[in-house]
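A.B. asks: Got chain A; can you put chain B on it based on the hints?
Sequences listed follow chains A and B, in order. Per UniProt numbering, the first sequence starts with residue 1, numbered consecutively. Per UniProt numbering, the second sequence starts with residue 1, numbered consecutively.
For the record, the hints were derived by calculation from the structure and aren't laboratory data. Possibly wrong hints are sitting among the right ones.
[To be verified] Calculated cross-link-like contacts (lysine to any residue; reagent style SDA-like; alpha-carbon spacing at most 25 Å):
| no. | chain 1 | residue 1 | chain 2 | residue 2 |
| --- | --- | --- | --- | --- |
| 1 | A | Lys141 | B | Asp315 |
| 2 | B | Lys398 | B | Gly367 |
| 3 | A | Lys88 | A | Ile304 |
| 4 | B | Lys133 | B | Asp328 |
| 5 | A | Lys141 | B | Gly204 |
| 6 | A | Lys141 | B | Lys31 |
| 7 | A | Lys141 | B | His408 |
[Said to hold, decoys possible] Rough simulated footprint, nothing fancy, chain A against chain B, three-plus residues with beta-carbon under 8 Å:
| no. | segment |
| --- | --- |
| 8 | 199-205 |
| 9 | 321-327 |
[Stated by the list, open to error] Some but not every residue of chain A turned toward chain B, in silico, with C-beta under 10 Å:
| no. | residue |
| --- | --- |
| 10 | Ala48 |
| 11 | Ile111 |
| 12 | Ala131 |
| 13 | Leu137 |
| 14 | Leu138 |
| 15 | Gly152 |
| 16 | Arg192 |
| 17 | Pro215 |
Quick reminder that beta carbons are idealized off the backbone N, C-alpha and C, glycines included.
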Amino acid sequence: MTPNSRTSQDHASGTNVPTQHHFSQKHLLGISHLNPVEITELLDRAEAMVDISRQPKKAKHSLKGRTQINLFFENSTRTQSSFEIAGKRLGADVLNMAVQTSSVKKGETLIDTAATLNAMQPDVIVVRHAASGAVELLSQKVACSVVNAGDGTHEHPTQALLDALTIRRNKGRLNGLTVAICGDIANSRVARSNLLLLGAMNARTRVVGPKNMLPRGVEQMAAEVFTDMEEGLKDADVVMMLRLQHERASGKMIPSVREFFHFYGLDERKLAFAKDDAIVMHPGPMNRGVEIAPSIADGPRSVITEQVEMGVAVRMAVLEALLTNGEAV
Amino acid sequence: MKNDLIIKNARLVDPATDKDQQGAVWIKNGKIKDVHWGNAPEAPEGTQTYDAEGHVIAPGLIDTRVSTGEPGHEYRETLESASNAAAAGGVTSFLLMPDTTPVIDDGALVDYVVRRASATSKVKIWPSAAISKGLEGKDLTEFGLLKAAGARAFTDGNSSIQSTSMLKNAFTYAKNFDMPILHHVGDSELIGDGVMNAGILATGLGLKGIPHEAETIPLARDLQLADMTGVRYHAAQISCAKSAELVQQAKQRNDQVSAGLSINNLCLNENDIGSYRSYFKLNPPLRSEDERMAMVEALRDGTIDILHSAHDPQDTEGKRRPFAEATDGAIGLETFLAASLRLVHEEQISLVRLLATMTINPAKLLGLEAGRLAKGAPADLIEIDLNYPWVVAEKDLKSKSQNTTFEHARLFGKVMTTWVNGDTVFRQSA
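Here chain B stands alone, though its shape is the one from the complex:
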């Protein structure tokens, strides 16, 4: 039995109920015993209290898109190092992508991840499993056995399945086990040798472009297959206005459809590539400022349900190459919240609306009890000082890899404390 803890003097933000008010949270045995809107309750004698000093207390973030290097590339990131980065970033749960070596496409590997995570991680790591064996887009994995082993969702990570019949079969079979499909869409033939957004910048740099249609054409296909099969379908990471439009239309006829967005496509644009900066080589690629603004709008109006960090550690060896030959991806766990708060500070979105895309919405997609300030929910909480100024420096980040897209960025807002099941797993040093 753990001691009770009352977090008082807080600005409670609960996206599940759309509330943003003063209050207190009472934690007992790792769960939320009660949420007090308004005045804090009289604490029984001996109860520990924590004074939030008016800071925001919100559900811990749930990140639906995190890659590590374990197993297979532990020098890039282990579950432990990723969990340290997550705790520092206020992420109390994340969905682990299956694109490891070997690929997580077998029940035994799901089991391995679950056991390694519980032995080494400070935060909750939920495994996903591959849709196709070896992420090759050809043969289905054992959805039923993978679910039984603990997989929370099926996804081929950054790989996109090209075969329409394969997708139809996968969607139908996932529906059979009531499991969500998270699919990254990209038409491999239209992408071709493309390495950045197609347009004048790519032309000037002499880099091959990736047109919007490489995303919108397979997305339109997926959305029709979702209608056809009734699967819980999540377009994992869209990047352009036309995609948002397609999702919006689909949602009018199909409530099983949702969409995700990477923090990078929300905060950055293709100009950040500058002169071949490979840390900004991402998949989907950074688009134009107009498209980025469309993503902000889609997040605000609810077309996009989930914001994620797209945390993808890559070693310097893979990044210190000519742009076209460099690896894709950027780390993001620690900067995720602070970067997204830019939108709140610029008054482009309310705090409660933003946090919904990082807490309750992913909780619903993955079927987690966390992500809300509710009686009986796990006491996975974060304390945020919205005005805490800091400058991102690679060397201070807890990830084993340094490929951040926010190096030297001046950010306002930081996680001060992170609790998982009522235990403090991170506290910002003064």
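Isolated chain A (complex conformation):
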């Protein structure tokens, strides 16, 4: 079966798969606001978007005449481009707002900017901000839909959705899979959103990392917690690596990149503990030789570029679901 031929009925997700569209949320602020039915619906919608994106003529007109503003308080070329392409493929008018964070106090900028943008009557604002909870705060100040494109160390819901879609297309399901999320869990919004989503879909979640990169209470968020990479990867179906920020590996938290890679970097030796058909994922951008060996990043088990493709599809699905009130278009 090719991925493109799947319908929603093919995905055993541990819940009743909806046959009708009824997504009725106004915002996508975090995975914590979604139930398994809604998650499944977004993934199913995204499957259809993959097909559209693979056609020579990629235009769909479901959001024609609608205005999407990408408001990125933190730089992120890839996520912003992904949202921009997603909106444009649906026919929306997409505007990228450059935000100066240095000149004004951050908080004032956020509220002021929200009020200003709101007055321009957009249909959706896609927001990334360095502070946890900032996107939710902004959503309270505007009349339109808001999509969280990453807030602080809180959530990055579209990343978790695109990861889930990538896993589902490769493994055919989410429930019952063992997924090991590895590295700097404490500082990762990607890890939080993924733990919430995979937990909701009945995957067996593991976190793996040095103790000082595992946040308090993590044992309540993941099914299993490991500080040893080999144990943590044992019989895993999916190995999800996280980006390590360089400044944390210079003596502040981790003594050196060399030490980190030795114990927690993904190389052939450690990956051998996972299942033979385990896939390797990374939200990007990668630090080759820090958290992942180049041979693995570019090797046959890596689905990292597929994740990027799924990113556009998931974001199309999210934008359309929010702006059309879940009605099939």
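C.D. replies: Below, chain B without anything else, positioned relative to chain A:
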């Protein structure tokens, strides 16, 4: 000369003598002339009487932790607006924190506060002065001159001095002038970028946590320095069980040690933050329910001596930010008593024991004559209807800022009348 006033038909509660009985209070010239337990005296002809209708009459509250915006941030709160809030909350005296702009670290500024307060305030405002110049934790202020100007205590407000040698010197020098030190403890390195209690909630919200040890480690240091120097040391606001344990141990060997607690850490927990509600961003942070219960126990068993409002007005601009970027603090003067009465209604603490932490205990720490129903004491009194139901609404509060942690809270018990030096400064309208 003022007319005498007899407050009769009252349930008199005097924490200084641990009494809670029917009686009457006779006020003359702004002072308590006599306290009559049991039947009221025959009032001489022409004496004014006030029928308390069985309500509680107690000493006015003494709040050891109040910030205003005067001088420097008068739009947040002035001494006058804070005094209105205080009178409505039954607070007849408060200790003003020095964290104003400029910082109260100079005799002339203490003098300014004393004069502004006497010109504009309905209640008694006692200035504190900074321990360190500019609250920078580096150089001592002029303790002797500040005391002479009227400072009642030394404190760096919400700032915590990090240097052990600086603290040792400050404690020793404060002992020299027999002045109390009120210190808020927080290890700045362990706090780091922390903005709420460390734990699963902080992790889930993606907010940096503040561990208990950021409080207990500097507290343990302070308590040993207190032993070493003999200073009157007050741990201004503790928030967790381990801190209470440290204070309890210290008290067994050192009777100069005391501890304070914010009404917020007594009544609220970290769950109140919900989804990034910045009004609940406080310092010390709201802890878990277990820790809150430990604070209730510590208040009941006397480990914690003083309950305070931690009144800290913040403008909406500072609060309407992402949680980590929002300012700390909440107003509390008007809700202070009513919120604390929840514990009395739940029978977790007796009324007289609770009021001791808000009257006689702070009076002793600050060396005030108020805070007791005793002959010759200032007639700073409050009438409390313990069962008066009300709902807190920002718009009704007298503070200039609205950052209350008790918005929409249903409370039972309210101050009906407040007297300062025998004058009525607040009366609840019917």
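A.B. asks: Next step is simple, just say for each hint if it's right about the structure.
C.D. replies: Structure-based check of each hint:
no.: 1; hint: A/Lys141 - B/Asp315; result: 18 Å, holds
no.: 2; hint: B/Lys398 - B/Gly367; result: 29 Å, violated
no.: 3; hint: A/Lys88 - A/Ile304; result: 23 Å, holds
no.: 4; hint: B/Lys133 - B/Asp328; result: 22 Å, holds
no.: 5; hint: A/Lys141 - B/Gly204; result: 23 Å, holds
no.: 6; hint: A/Lys141 - B/Lys31; result: 54 Å, violated
no.: 7; hint: A/Lys141 - B/His408; result: 22 Å, holds
no.: 8; hint: 199-205; result: holds (count 7)
no.: 9; hint: 321-327; result: holds (count 6)
no.: 10; hint: Ala48; result: 32 Å, violated
no.: 11; hint: Ile111; result: 6 Å, holds
no.: 12; hint: Ala131; result: 3 Å, holds
no.: 13; hint: Leu137; result: 6 Å, holds
no.: 14; hint: Leu138; result: 9 Å, holds
no.: 15; hint: Gly152; result: 5 Å, holds
no.: 16; hint: Arg192; result: 6 Å, holds
no.: 17; hint: Pro215; result: 4 Å, holds
Figure legend: structure checked against the earlier numbered hints; hints not met, in rising order: 2, 6, 10.
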